[in-house]
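Participant: Take 215 as the starting number for the sequence shown in my numbering and just add one per residue.
Read the hints as simulated data drawn from the structure, not as lab findings. Computed from a predicted model, the values in this text were never measured in an experiment. You may find that some hints are simply not true.
Now the in silico label distances, taken between C-beta atoms and shown as ranges [claimed, not checked]:
1) GLU296 x SER257: 13 to 23 Å
2) GLU289 x ALA261: 33 to 43 Å
3) ASP234 x ILE275: 19 to 29 Å
4) ARG294 x PRO255: 25 to 35 Å
5) ALA297 x GLY233: 39 to 49 Å
6) SER257 x ILE278: 18 to 28 Å
7) SER257 x MET293: 40 to 50 Å
8) SER259 x ARG224: 41 to 51 Å
9) TYR260 x GLY233: 36 to 46 Å
10) ARG231 x ALA297: 14 to 24 Å
11) GLU296 x ALA264: 14 to 24 Å
Glycine is no exception: its CB is placed at the ideal position from the N, C-alpha and C atoms.
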Amino acid sequence: MPDRPLFLERASFHRRRLGDAARVLPVMTMMLLLVPVWWMPGSLSYAGGAVWLFGLWAVLIVVIRALHRALLRAEAATMRAEAPTGGPDAL
Numbered sequence: 215m216p217d218r219p220l221f222l223e224r225a226s227f228h229r230r231r232l233g234d235a236a237r238v239l240p241v242m243t244m245m246l247l248l249v250p251v252w253w254m255p256g257s258l259s260y261a262g263g264a265v266w267l268f269g270l271w272a273v274l275i276v277v278i279r280a281l282h283r284a285l286l287r288a289e290a291a292t293m294r295a296e297a298p299t300g301g302p303d304a305l
């Protein structure tokens, strides 16, 4: 048996879920771009489409920034959890 536990620690689990969200984000963005154009092309033509694309673009920038910051924090928490404690029995 390896010395490492078979289950994920909280920090590793959180980092993995954030990685999953990062992989799903481009698919969700494409769906938000294409589905409204297919379903209601008249309302997204001209100014409506420009407002929709700009709004989606602005929201996407905020979401990517938040996801990036959360991934950095989760990575730091994972590194702290995996670091040796430096106790008297440490090598």
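Participant: Would you mind marking each hint as holding or not holding in the structure?
Facilitator: Evaluated hints:
1. GLU296 x SER257: 13 to 23 Å: 51 Å, violated
2. GLU289 x ALA261: 33 to 43 Å: With Cβ atoms ~42 Å apart, the hint holds.
3. ASP234 x ILE275: 19 to 29 Å: 21 Å, holds
4. ARG294 x PRO255: 25 to 35 Å: With Cβ atoms ~51 Å apart, the hint is violated.
5. ALA297 x GLY233: 39 to 49 Å: Roughly 21 Å apart at Cβ, these two residues miss the hinted range, so it is violated.
6. SER257 x ILE278: 18 to 28 Å: Distance hint for SER257, ILE278 holds at roughly 27 Å.
7. SER257 x MET293: 40 to 50 Å: 48 Å, holds
8. SER259 x ARG224: 41 to 51 Å: Given range 41 to 51 Å: holds, Cβ gap about 48 Å.
9. TYR260 x GLY233: 36 to 46 Å: About 39 Å separates the Cβ atoms of TYR260 and GLY233, which means 36 to 46 Å holds.
10. ARG231 x ALA297: 14 to 24 Å: Between ARG231 and ALA297, where Cβ atoms are some 22 Å apart, the hint holds.
11. GLU296 x ALA264: 14 to 24 Å: About 48 Å separates the Cβ atoms of GLU296 and ALA264, which means 14 to 24 Å is violated.
In summary, the structure is inconsistent with hints 1, 4, 5, 11 from the numbered list given earlier, while agreeing with the others.
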